[in-house]
Amino acid sequence: ITGIYRKEQVGRVQSLSPAVTPRWDKHSYGYHGDDGHSFCSSGTGQPYGPTFTTGDVIGCCVNLINNTCFYTKNGHSLGKFVFLPSQSNLYPTVGLQTPGEIVDANFGQQPFVFDIEDYMREWRAKIQSTIKRFPIGDRLGEWQAMLQNMVSSYLVHHGYCSTATAFARVTDTTIQEEQTSIKNRQRIQKLVLAGRVGEAIEATQQLYPGLLEHNPNLLFMLKCRQFVEMVNGTDSEVRCFSARSPRSQDSYPGSPSLSPRHGSSNSHVHSTGADSPTCSNGVMSTKSKQSHSKYPTLTSSSSSSSSSSPSSVNYSESNSTDSTKSQQHSSTSNQETSDSEMEMEAEHYPNGVLENSSTRIMNGTYKHEEILQTDESSMEDSCPQRQLCGGNHAATERMIQFGRELQILSEQLCREYGKNTMHKKMLQDAFSLLAYSDPWNCPVGQQLDPIQREPVCAALNSAILESQNLPKQPPLMLALGQASECLRLMARVGLGSCSFARVDDYLH
Amino acid sequence: MKHTLASVVRTWRENSIPLSHPCILECLPSLTLDLLKRNNKSVVHKCVAYKHGPVAEKRICFVLDSTEVTASSRHYVDRLFDLDPQKVLQGVIDMKNAVIGNNKQKANLIVLGAVPRLLYLLQQESSSTELRTECAVVLGSLAMGTENNVKSLLDCHIIPALLQGLLSPDLKFIEACLRCLRTIFISPVTPEDLLYTDSSVISHLMGLLSRSRYTQEYICQIFSHCCKGPDHQTILFNYGAVQNIAHLLVSTSNKVRMQALKCFSVLAFENPQVSMTLVNVSVDGELLPQIFVKMLQRDKPIEMQLTSAKCLTSMCRAGAIRTDDPCIVLKTLPCLVRMCSKDRLLEERVEGAETLAYLIETDVELQRMASITDHLIVMLADYFKYPSSVSAIADIKRLDHDLKHAHELRQAAFKLYASLGANDEDIRKKIIETENMMDRIVNGLSESSIKVRLAAVRCLHSLSRSVQQLRTSFQDHAVWKPLMKVLQNAPNEILVVASSTLCNLLLEFSPSKEPILESGAIELLCSLTQSENLALRVNGIWALMNMAFQAEQKIKSDILRGLSTEQLFQLLSDSDVNVLMKTLGLLRNLLSTRPHIDHIMSTHGKQIMQAVTLILEGEHNIEVKEQTLCILANIADGTTAKELIMTNDDILQKIKYYMSHSNAKLQLAAMFCISNLIWNEEEGSQERQDKLRDMGIVDILHKLSQSSDPNLCDK
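First to last, the protein sequences are chains P and H.
So the first sequence is residues 1 to 508, counted in my numbering.
So the second sequence is residues 509 to 1223, counted in my numbering.
So that you can see chain H by itself, here it is in the shape it has in the complex (with noise of 0.2 Å):
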């Protein structure tokens, strides 16, 4: 016999018996059912996982309650405005059952004005504390809704109004606004700032994280929600939190325990100042450290494990831990690479490849080991078998959740498969035999979203690094063409590591080097240096140094005309010194073979010269001026070339300046140009000879023969 919804509640009313009795069992998944049918998901779990006893009846009674009155929404907010408070108060308590999970009572009352009332009679002095604190709860119920519903409780300025709750001495009505602000503050369309507007309140609520375990879970959960970027950090840290919430971390609560360890999951992120201070800090006689260390073992719950891996793995990467330390080493790093395999969730494999990839990026002896735990490099190439073909079969829902994820996983790998193939080259070899992985490289430097082709241009520029790997798998699966391709048009972040795996693929072996300057790469590079961008102006004009490297005349004139002379004492001026020594490197490499020497001094000359002048005059790091007496030295080896120096006095007497410098490189360089200029089997030696004997260099050379350097000597 088919029980409806209506008929088990007229039962239940009006024999009132106990719900273990067998005719509700019977009518559960009848009435399961037809729950799930008016979408009230949540519920239907509470209701099943209280399963007995007098809870699950309260339970049970609302669930029935709430379906039964959806058509008087009308009658609930009108009891609000009732005169008596008593009739008030029921009318809140008989609201709050109603809206327990159903989102259709929810919106009803929204539109029908219930939240600004109850906002008055939640901020009303006279009314009850009672009152107040059911006003507070069924907000918070309204809150659970969907995000149309936070939305409008944020139109209605709830949250000045519910901080302005917290400072009533009675707990229970505390306990009731924070619950409420955390539903608020945890929902996507709430803006963090939002906290920060009135510094008090960050100073109250950690007063309040004394008064009790629901006040204690409620604002961590705020803390770690609100907690987006440094500034955000040094607030909630100046105001105390690490100590204040510290000794949460050994709460007897699993909930208040979890939402500490959170809190300082997001504090310690990228937080050198916050890390250094929690690896000091000891709660119970216990370090911190080996606190996250208990909360790392494996019988613990997943979340658990993981964030006090990242707590972990901030303090590693901030200097606070040693990356040797067996906290790491056996800890730390083994929990992470479990968090990658298949037994997890979708969402914590993610998050566990991206926390590894952070704890391993600058350590070799990490990624070592890293490589070799648990098969981690086949492991990770599971990571882009989603949605998988049996997903799609199976079930809609697991498609739509695979799909939702397969973004997300496939940069995770990415990132991870970069952090792996840093430094070492055996691991970037294994990454590159691993199933069709150029490919999925190549693959995802076309893929639409954003991080996922960052990730991957990560991936690539790590392997990059291995010669090896640029002669071989890079030329087979022409990675040089999708490359080029993210480089047009692409945001800066994917610019920065695109420009310089270029620098990789731009070589002299490599073999990509041609078929990328056939593909307009100059002009390219050209216009990086150009780019405001500090990273990319150094890229571009590494990139185009590496080009330039014994270059044949063609490719060095068209980056000449494509960078223009203009552009060139532009980047000479630049305040960076890497754009400054990455641009004399180009013109060094310009400046090499005799005809290359001549053709671009005849052209140039002049520009170079005083280029040259200006910086041996300027304020300039030893490593700079070298370079650049360097490029002289070059210069001088040209044929015509050499006159533009000998005909300047002004050059001759700094070279001979620095030959007697106490710096033995630039003495070197400066040789060098002496060397170049009085070579013996050139026309005109003769003449250069005597013109640098009248300058006086012969007695300098006299001295140098005898110091003590064997260089010098030599020459």
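If we strip away everything but chain P, and leave its shape as in the complex, we get (with noise of 0.2 Å):
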């Protein structure tokens, strides 16, 4: 690039004031090009750099991490100074003295002669040492044991329950939820996650009874839900119409997916439920990402059964990344399901893909291959035509009765609770589908998406917990939300070094 520049000041200003030169109003940082001097917040110049005059190319970089400020000549930094953090924003300012004078302005559309990139890099690299250098304090045996608390009560949360036994017992730690309570969370879970959301309500109602009766906003949901998987032909209250196999009902649906796969896509879904999560969307879907990335280790490790693998052990040990990763790792060499529950996996996979940003389309291509010929064929097997309700017929005059007394349940919450506009917002999603010849293909097609499970599937979860008296968030997520609530924090009062520090980074 060629910038032309004549006896110019090159400054950064806070209030713009076209009477005054830069360089002179208060708060304002200039460099004159006449006599290379600079200024800081007066009229009165420092000797600063050599001259500069007609087609030099000057640049100025400010660093909001350690307040400095310097400017460059033809792409050579000319050696920094120190400027006075200040409320407002610095803006970008160039005063000419003769009329005629042309500038060329650049920031960033075309490379800058300066390499800027590396400067960046190195300041990543300031951040992140910073980080991993953190003291964590001389108890050392308590940083570990807080470590292995939350990968254990992450899979805990989630219904691991093979993996967080084996875990408890290679950490030589306790679980507070007994066995069987976790057990049966995990089936109601695998139930949802399966599209089977009739028998979870009944088994849920069975299990911890009044549950449902104190959350009706829950029930609605999962309610909602039920028709939604009635008209997708997977609610068992429509299945067992159809002419499908026990055998391989059976196998259909797995164990709960690995990890909740929440889509930023369904945000709205968790704002409906009865209990918001804590954690943003982003982190969420970080998670989510996360999880598609280890699929390949998952695949590789599903041999080696034995439910103690020392590498996972090791794992665990490190960090909070990697406590995770070992947590999928032997989740998959302890589930006694391994098989079916790779099918879930690989059948849940591709949604994720169609459906959501650009953050899980980066990981790899030759895995989606593979997994998109598993995602057909899967397909192929559970709804061969894509019917309505599996193009059963008695299923289908079940669904409408169903539909029917899900309005009914409707109106008589809203008689009880007050209007509800939510509810209605779902009830109207749902029923929908029924316009359409082909729901699947449908504007409002993507509730029949099995990804959209998840979210009741949480919510579910979470209230369950919840009336057990035990945390309704992992501590896992909720530090993580803090996380990244602290980056936002610190992104919105100007501390520069949020911006080499995602989570994300250290989520991979």
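Misleading hints may appear alongside valid ones.
Which residues of chain P face chain H? A partial, calculated answer using Cβ under 8 Å [claimed, not checked]:
1. 50
2. 76
3. 100
Just so you know, these hints were derived from the structure itself, not from any lab.
Treat the numbers as computed from the prediction; the structure is a model and nothing was measured.
The C-beta atom is built at its ideal place from N, Cα and C for all residues, glycine as well.
Reassemble the complex: the two chains are provided individually, in unrelated frames, and hints are given to aid placement.
Written out as structure tokens, the structure reads:
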């Protein structure tokens, strides 16, 4: 790039007043071409760098991490100086004195002459090493125990029963919740994720009597989902009409997918739920991205089924990212039904790809192919023609009847608790499916996507845990949410280092 | 409750509890303290670094073992002589665990004669590979200790034994041998030449480079430590070092990459042959300069940035990369400037400044760029502030560290200032305006360290090229005084730079000229002209030449007396053209203004005429002959001296010859002679004109007046 500069000052000023040359204002900084002096909030210059003239490219770099600034001439840094951090922003300004002067300004639309990328690399490395070397205190044992607890509670929360048990055995820790309770939750979650919401509701009512009665919002959400699953042909109430063999029924619904796959696209469901998660959607989607990238590892390790492989133990000791990895690692090897689970995983995977943002697509292409193939076959297996309620007439009847019941429930809730727009919207969306000949390819068709079962599943799981006086969110997720919220706060108050410390960088 | 080391050991042993157990963790600080007391710093570091996991347990095990057993060294040596090879092996392994990080134990074992036995076991073909490997590991551990340990190992001829071991087919054994060799070769007490005694060793090492990442790391490290000077560079180069090591620059192991890079930096240092080769080598489709530039990135380890900057610098100085190439201008140079900043370690700042000085030494554009980058000139002033008053108070260790590097820092700064100010007047001005700069140079001139003195003189020399500074700062600070002092009894390398600085200070416009003369410079310079060292002879005669320029009669006679005519003629027959030219210049300066000419010619006329004749007859280049004719012209300007020419037909014939020479410069010089001889206003000019006319010079003059050269026509 060729910038034409002539006897001008390049400066950064706080407030722009056209009458005064940039450098003289308070809280403004400038570099003067005539004498090479620099000006800091005053009219008197200090010797700073060389003079510059026509044809020179002058740059200015403001570092908000350590509050320094430096100018560059033709790609050479001229030396940094400290500027006073101020509440207000700085604005780039160029002052010209002679009529007819021309200046080209480059805000990054073209490559800079100065290697700013390299400068940023250095600072990124600095920030990351600061994080890495952050003192965690002398009580190393406590730190380790805390990490173990984080992993363990995460496993328990999502109902990875045998993994959690194995983990507890190796790390010599105890699990708060009872085995049976975890297994119950696991069972219910499996049912929801398999689309058998009716059975899930039944099981919940049976195992946790009173829970749904006290949570009418949750119940309504579940029922809406059940209706959707009926349209889909997966709910057991319509499924029993279909001609499918029991064997395939058993094999289709696997255990819950490895980690909840909260897509960023279904944020509205979160807020509708009885209890909206504390964590931001950004973090959630990160989570799912993480599990995707781990997929090949799972496949390779599923053959070795020893419950406590040494590698998984080592992983868990180092840090939170690794521990998640090990958790997934061992969960695969521990699940008795690992085969069907793999299928589930495969079935879920492409949905994420199709539906979610670019973060998912970044995970290697060859995996996609492999998985898409699996997907096709399993899709064909589950619903050959993808017809309403599996194409069964009796099932359709049942569905319509259920729809009426749902409508009644809605009206009843409306009378008891007042009007609820969220409910109305949910119901409307669900019923809209019937308006189209091919519900899977209609504007509201994404509801049929199995990935939409996850928020429902998470809400139900959280409600159950809360009813048992256990945290509705696992500490690991809280920590993640806390970290990303901190970073957001840092950005708001202008702490520059946050831009080089993204949670994503640590979740791969 | 306070735990003693012994109690920790007991608890740990008897209960076989994991390391993460609070009981061990609690003891760790006191344990560490105890180890520190026993001077086991390295192990403590390792132990703390590993913190947890099985590795740490092993380490701690070693630590505990080694602290327990110092008393029973004898036992370890005895076990090496057991008849059962299995027991010998176990003995070596136990010994290995006992010596790690325990210098006292190492010394004990060496004194008790463990080394010859270990070497014997290592060389025995009948020993199992496992035993031989363990022996090499123990020897490597012993070499990690003090310099005395390494000396003892060298005395036992460990190097040939280990080199022999490299011929084994077993990789583990080879790696252990290499690791031990590496440790020995990087010790300052090991002579590098031991690597080059047998040329087959080098080629074998090149072959082993492909075996594993450990062989790569160790071999590269050996090479980079043992490559001192052009001879070693050539040997390694001829055995294909460049091709064999190049691909290691993209190794997945950071250590291998770093060591390979270091290899290249020493191979290419001041070696045009290697540098020119490197520029065309490519790895995975990428040229080496590009790979080096990648290693310069600011998020790479500092050592890597610095070393790759050194490689690029060598390549640039060898002409393999142009000085205006972006990878030099926008990458290498800024990187080296960054290395000089206060954030870097003292060692890095020294190396950075020295490398930068070398990079920009001969290129004014690079000098200008460096001078504006990151306030380098001001930044360098900080190099003189060690040890700082703060460090003295803060702690003794820091002071010690600063003191150790203070000399190095100062000399590096002087070197870089010298390079920066080599050509550009503005930069020189900026340097001198830096706080206390002249005082620092003056102090530097009288420092005890030769390196600092040399660098200070170089800096002064560079700055003395400025006419303005000679007249101002140099005078204000009486720089000549310490300079003259430096010139007394200094080693040649300092003398060379100091005397050429003196040359500049003796220029006629320099106010220092007078005091320098008064302090006995003539004698000193005359003695320099007798030096064996060519550069010193040149500088000596050069300074005398400058001194004689427009000098008064007394100085000229002093010079002639000091030099003696014999020495003068000795110099006129010097094999070096530079010396000859400067001597002729001196003669010419001596022979100026009429009274001086006559005076000198009256005393030395005969010899001078002889010398002139000799040079005009000899095989010399145009410049020399021109200078000689100018001397003749000066002589011809003298009142009485003229006669020496007029009476010498031989010389007149020569002048006549050069008047019709093909080179215009020589013609012009000869013309000066003639015109001085026939100058009308002087007594006896008519006779001289007659004589010259008889010689046929007028005809030549006629011819010349029609010549195309206006200069000649004028005459």
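Against the structure, the hints come out as follows:
Taken as an interface hint, residue 50 of chain P checks out: its beta carbon lies about 5 Å from the nearest beta carbon of chain H, inside 8 Å. With its C-beta approaching chain H no nearer than about 5 Å, residue 76 of chain P sits inside the 8 Å limit, and its interface hint holds. Contact between residue 100 of chain P and chain H, as hinted, is not supported at the beta carbon level, the nearest pair being about 28 Å apart and thus beyond 8 Å.
When held up to the earlier numbered hints, the structure conflicts with hint 3 and nothing else.
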